[in-house]
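Input sequences plus hints: build the corresponding full structure.
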Amino acid sequence: MVDVTLTINGTTVSRSTTPRRLLSDFIREDLGYTGTHVGCEHGYCGACTILVDGEPARACLMLAVQADGLQLETVESLAPSPDALHEIQQAFQDNHGLQCGFCTPGMLMTAKALLADNATPTEEEVREQIAGNLCRCTGYSQIVDAILSVGPVVRETP
Amino acid sequence: MTIRETNPRHFGSRAARSEDPRFLTGQGRYVADLTNVGTVHARFVRSPFAHAKVISVETSEALATPGVLAVFTGSDWADIGITCVSSYPGFQSSRMPILAGDTVRYNGEAVAMVLADDEYVAEDAARMVFVDYEPLQPLVDIADALADGAPRIHEDWEDNVFVKRRFVSDGFQDALDAAPHVVTQKWEMARHSGTPIECRAVVATYEPGRDHLTVWTSTQIPHLIKSGLAAALGRSEDGIRVVSPDVGGGFGVKAQLYPEEVACAQAAIALHKPIRWVEDRREHLLTAHHSREHMHEATMAYDDDGRILAYGVEVRVNMGPYSVFPWTATMDTGMAMGILPGPYRVGEYSASGFPVATNKAPFGAYRGVSRPAACFTTERMLDQVARERGLDPLEVRRRNLLQSEDFPHRSIGGLVYDSGTVRECLELLVEWTNYEDLRVDQERKRADGRLMGIGVVPFIEQTAHTSQEFLQRGVPIVFGYETSKLRLTPDGRLIISASIHSHGQGLETTLAQMAADALGIGLADIRVEFGDTDQVPYGSGTFASRSAVLAGGAARLASLELRDKLARVAAYIFEAAAEDIVFTDGHVSVRGTPTRAMQLSELCRIVYQRPEQIPPGETPSLEVSTTYDAPPGTGTYTSAAHLAVVEVDAETGRVQIDDYAVVEDCGRMINPMIVEGQITGGVAQGIGSAMLEEFVYDDQGNLMTTTLMDYLMPTATDVPRVRIRHIETPSDTVAGVRGMGEGGAIAPGAVLAAAVEDALLPLGPVVVDRLPLSPERVLRYADRARSNGR
Numbered sequence: 001m002v003d004v005t006l007t008i009n010g011t012t013v014s015r016s017t018t019p020r021r022l023l024s025d026f027i028r029e030d031l032g033y034t035g036t037h038v039g040c041e042h043g044y045c046g047a048c049t050i051l052v053d054g055e056p057a058r059a060c061l062m063l064a065v066q067a068d069g070l071q072l073e074t075v076e077s078l079a080p081s082p083d084a085l086h087e088i089q090q091a092f093q094d095n096h097g098l099q100c101g102f103c104t105p106g107m108l109m110t111a112k113a114l115l116a117d118n119a120t121p122t123e124e125e126v127r128e129q130i131a132g133n134l135c136r137c138t139g140y141s142q143i144v145d146a147i148l149s150v151g152p153v154v155r156e157t158p
Numbered sequence: 159m160t161i162r163e164t165n166p167r168h169f170g171s172r173a174a175r176s177e178d179p180r181f182l183t184g185q186g187r188y189v190a191d192l193t194n195v196g197t198v199h200a201r202f203v204r205s206p207f208a209h210a211k212v213i214s215v216e217t218s219e220a221l222a223t224p225g226v227l228a229v230f231t232g233s234d235w236a237d238i239g240i241t242c243v244s245s246y247p248g249f250q251s252s253r254m255p256i257l258a259g260d261t262v263r264y265n266g267e268a269v270a271m272v273l274a275d276d277e278y279v280a281e282d283a284a285r286m287v288f289v290d291y292e293p294l295q296p297l298v299d300i301a302d303a304l305a306d307g308a309p310r311i312h313e314d315w316e317d318n319v320f321v322k323r324r325f326v327s328d329g330f331q332d333a334l335d336a337a338p339h340v341v342t343q344k345w346e347m348a349r350h351s352g353t354p355i356e357c358r359a360v361v362a363t364y365e366p367g368r369d370h371l372t373v374w375t376s377t378q379i380p381h382l383i384k385s386g387l388a389a390a391l392g393r394s395e396d397g398i399r400v401v402s403p404d405v406g407g408g409f410g411v412k413a414q415l416y417p418e419e420v421a422c423a424q425a426a427i428a429l430h431k432p433i434r435w436v437e438d439r440r441e442h443l444l445t446a447h448h449s450r451e452h453m454h455e456a457t458m459a460y461d462d463d464g465r466i467l468a469y470g471v472e473v474r475v476n477m478g479p480y481s482v483f484p485w486t487a488t489m490d491t492g493m494a495m496g497i498l499p500g501p502y503r504v505g506e507y508s509a510s511g512f513p514v515a516t517n518k519a520p521f522g523a524y525r526g527v528s529r530p531a532a533c534f535t536t537e538r539m540l541d542q543v544a545r546e547r548g549l550d551p552l553e554v555r556r557r558n559l560l561q562s563e564d565f566p567h568r569s570i571g572g573l574v575y576d577s578g579t580v581r582e583c584l585e586l587l588v589e590w591t592n593y594e595d596l597r598v599d600q601e602r603k604r605a606d607g608r609l610m611g612i613g614v615v616p617f618i619e620q621t622a623h624t625s626q627e628f629l630q631r632g633v634p635i636v637f638g639y640e641t642s643k644l645r646l647t648p649d650g651r652l653i654i655s656a657s658i659h660s661h662g663q664g665l666e667t668t669l670a671q672m673a674a675d676a677l678g679i680g681l682a683d684i685r686v687e688f689g690d691t692d693q694v695p696y697g698s699g700t701f702a703s704r705s706a707v708l709a710g711g712a713a714r715l716a717s718l719e720l721r722d723k724l725a726r727v728a729a730y731i732f733e734a735a736a737e738d739i740v741f742t743d744g745h746v747s748v749r750g751t752p753t754r755a756m757q758l759s760e761l762c763r764i765v766y767q768r769p770e771q772i773p774p775g776e777t778p779s780l781e782v783s784t785t786y787d788a789p790p791g792t793g794t795y796t797s798a799a800h801l802a803v804v805e806v807d808a809e810t811g812r813v814q815i816d817d818y819a820v821v822e823d824c825g826r827m828i829n830p831m832i833v834e835g836q837i838t839g840g841v842a843q844g845i846g847s848a849m850l851e852e853f854v855y856d857d858q859g860n861l862m863t864t865t866l867m868d869y870l871m872p873t874a875t876d877v878p879r880v881r882i883r884h885i886e887t888p889s890d891t892v893a894g895v896r897g898m899g900e901g902g903a904i905a906p907g908a909v910l911a912a913a914v915e916d917a918l919l920p921l922g923p924v925v926v927d928r929l930p931l932s933p934e935r936v937l938r939y940a941d942r943a944r945s946n947g948r
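In order, the protein sequences belong to chains A and B. The first sequence runs contiguously to residue 158 in our numbering. The second sequence runs contiguously to residue 948 in our numbering.
I should point out that these hints are in silico values taken from the structure, not numbers from a laboratory. The reader is advised that the hints may include incorrect statements.
Said to hold, decoys possible - Computed footprint of chain A on chain B; a stretch qualifies when at least three of its residues, placed anywhere within it, have a C-beta under 8 Å from a C-beta of chain A:
1) 312 to 324
2) 401 to 407
3) 835 to 842
4) 856 to 868
What the hints assert, rightly or not - Sample of chain B residues at the chain A side, in silico, Cβ under 10 Å:
5) 178
6) 180
7) 186
8) 190
9) 192
10) 831
11) 880
Idealized CB from N, CA, C, for every residue including glycine.
What follows is the structure in structure tokens.
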């Protein structure tokens with residue numbers, strides 16, 4: 001067993017874990033943040049995308065021990081309060097950017113990172129950036145519209 | 159029976175979805191999110207062979223692994239299995255084992271189940287189960303299974319065909335013989351599947367004290383899973399509760415009873431512990447039921463003007479080894495035989511259907527079931543007729559399409575088209591996309607050496623078909639009605655419990671939209687629940703573009719009955735006539751007398767808590783359960799037309815989709831935003847079918863595409879913006895709606911194949927006869943076109 005200390009959504013946690021435990025399993029099952037979904041466990045579908053020190057990463061491609069000392073953000077970090085949505089979340093609802101909801105957490109975290117990097121992306125840039133997140137329901141256009149609709153103020157202060 | 163609110167507020171609005179906030183905040187609850195104290199984790203040991211004798215299964219090393227509680231093998235559960243027998247004469251039945259016994263019949267079939275207190279340990283131990291196989295000749299392709307002298311997949315069968323069915327109209331042969339022109343062509347659609355982003359997952363618990371089993375499973379059909387489990391396990395249904403919580407996409411893949419569901423239930427009973435199995439992606443691609451692998455041999459006779467005189471198709475579908483519950487192995491062939499004539503006047507018709515047993519993975523439903531293949535064949539045949547006669551493909555459609563006056567229409571395929579505006583959809587599409595200008599643009603681009611192609615396809619889709627359709631299909635369970643139970647709480651909120659489910663379709667919102675207006679309440683005051691067989695009424699579930707029509711219709715009817723009762727109570731209290739009671743914005747009042755009003759919540763409280771104030775003879779309850787089967791049960795038809803513009807790069811095989819446009823008539827729209835989301839998502843899946851997705855097997859029956867890097871689904875850079883326009887022709891169902899969940903996925907294969915074939919024409923004529931259009935295949939078509947053009 002290995003001790004791991006990391007910060008998740010602003011809270012510092014310490015756990016003892018096996019060296020081989022995937023970060024995705026650690027987040028979901030040991031820390032209880034089940035909003036991070038697992039869709040392929042080989043780094044392709046993007047459902048488990050979280051932010052690691054602000055950069056998007058596949059939680060299924062990291063071991064929990066690799067996250068020692070790092071700052072993690074999951075979908076649970078987005079909403080400012082239990083009864084309010086983050087602007088990106090609101091944009092997804094307003095634009096019907098989700099259907100079954102399974103890819104949504106990863107898509108939202110990717111969207112947050114891309115808007116932090118580029119406050120005024122073009123449609124093509126958005127499509128390129130989210131091409132690493134599979135959605136089987138929407139056909140993507142509504143997700144693209146949602147991301148493009150997020151106001152510049154929000155884009156600049158992620 | 160079209161029931162319409164005179165002044166709808168919620169029905170027809172682009173209401174934001176009620177289910178969204180929990181999904182957006184990571185608070186959806188999918189099966190893998192559930193936790194139970196003392197959970198035992200399951201992994202399956204799966205066959206590396208497509209067809210083999212199982213000589214022995216050695217489990218001692220696995221059992222000796224610390225943390226392992228049990229290992230089950232085929233011999234432990236030899237007496238349970240999944241059977242689904244069609245009533246068609248001559249149907250050869252199969253039994254899908256829970257764990258394979260002495261024979262494995264597809265790559266990935268489970269031979270053992272390992273249970274451990276840790277998921278990682280279970281996976282380790284699964285590798286410590288040693289199975290001795292004796293490989294048998296695998297029957298991979300349809301031709302292998304039909305070959306003379308082919309070994310039989312099931313020893314007691316006469317051959318490898320589940321059932322042979324044939325229909326020939328009386329004048330078919332004469333019409334074929336007398337026709338001036340005949341075209342014959344083979345068409346193929348590759349094996350692929352719905353592949354939701356959430357894989358399958360099951361949690362099963364057993365309470366010995368109550369002899370009660372609970373199975374949480376990611377399924378579209380919770381009550382049918384309960385009935386199927388009861389049959390497989392020999393238990394009574396009252397001792398089984400199935401709960402399907404949030405489902406991360408279904409698309410038909412989750413509309414079958416799977417052996418893993420039975421295995422988890424059986425293990426929970428055996429061990430008296432909660433059993434959890436979360437499928438990994440490799441298992442999903444290997445074993446979650448595949449779909450779509452159709453081979454059609456079509457003959458079309460036509461006159462000088464390109465009018466169809468006779469149409470004949472032999473349909474062969476590669477079904478894998480077992481008949482699946484609840485569909486049997488006849489669904490795809492049967493549906494193809496019915497719908498192949500499509501929206502056209504077909505005078506004489508012949509169809510035969512051969513669901514062929516092979517050593518590929520079992521075959522189940524996928525959005526559009528069979529219709530994408532049927533549409534592909536019929537539309538591709540019309541494109542050949544157009545080319546032979548030197549006509550524009552659009553013109554050939556115009557000459558053959560059913561006209562408004564032809565509806566209702568009993569098709570020669572045996573279906574009853576209640577109504578149809580397919581001609582109107584096509585004409586609007588042509589006008590809206592400036593089809594004539596597209597052809598001019600194409601000429602210009604061709605002059606510049608660019609390969610631009612256009613595909614245009616109208617189709618008609620049977621939706622919300624119930625008993626009369628499923629009786630014909632010979633399935634053991636006839637999927638008829640759906641039921642919605644409405645309850646008003648004492649504080650005036652509405653709970654809708656529905657026998658269907660929702661896995662992306664937004665039914666949590668649209669069922670509320672169906673019920674809200676009659677009671678004058680807002681969507682925020684309505685909760686819709688699905689999936690828990692202890693809470694929701696019995697019904698079939700969500701598939702076949704039926705849930706909004708059937709459960710929505712039932713919800714609308716129940717809301718009217720509730721309103722009638724509330725009106726009688728209010729009339730008694732206000733000393734007014736019941737027909738003068740109006741319900742708006744959470745208030746109940748007497749028409750024209752605004753002073754006589756109360757909140758709906760107050761009226762509900764009176765019914766439940768002040769029985770002395772309600773009229774004598776009224777029961778103190780506000781609960782109505784209504785069943786609806788959209789009579790006459792043959793389905794209500796949705797019309798549509800799709801158009802695509804592509805540009806092909808004949809050097810790389812890349813196909814760029816420059817435009818994709820859809821006109822669809824799904825009757826009255828409950829929520830146009832959701833309708834458009836369904837169309838766009840369906841088209842995206844259809845583009846996957848057309849361009850990318852294929853389960854590739856080697857000649858030994860091993861699946862080669864077992865990761866998402868090999869099995870390619872469309873990404874945001876593969877799917878263009880889908881442009882959509884609507885025609886709204888009410889159907890005769892409650893509220894005038896038609897089903898539309900599958901439609902988007904039906905036409906893209908036909909449309910894009912036509913567009914690519916059209917694009918390649920300057921190189922020479924070629925028949926684009928097989929999907930998907932991978933770059934490799936497009937290059938081959940381009941080569942063939944060049945050599946044909948020489």
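Are any of the numbered hints broken by this structure? If so, which, sorted upward? 1
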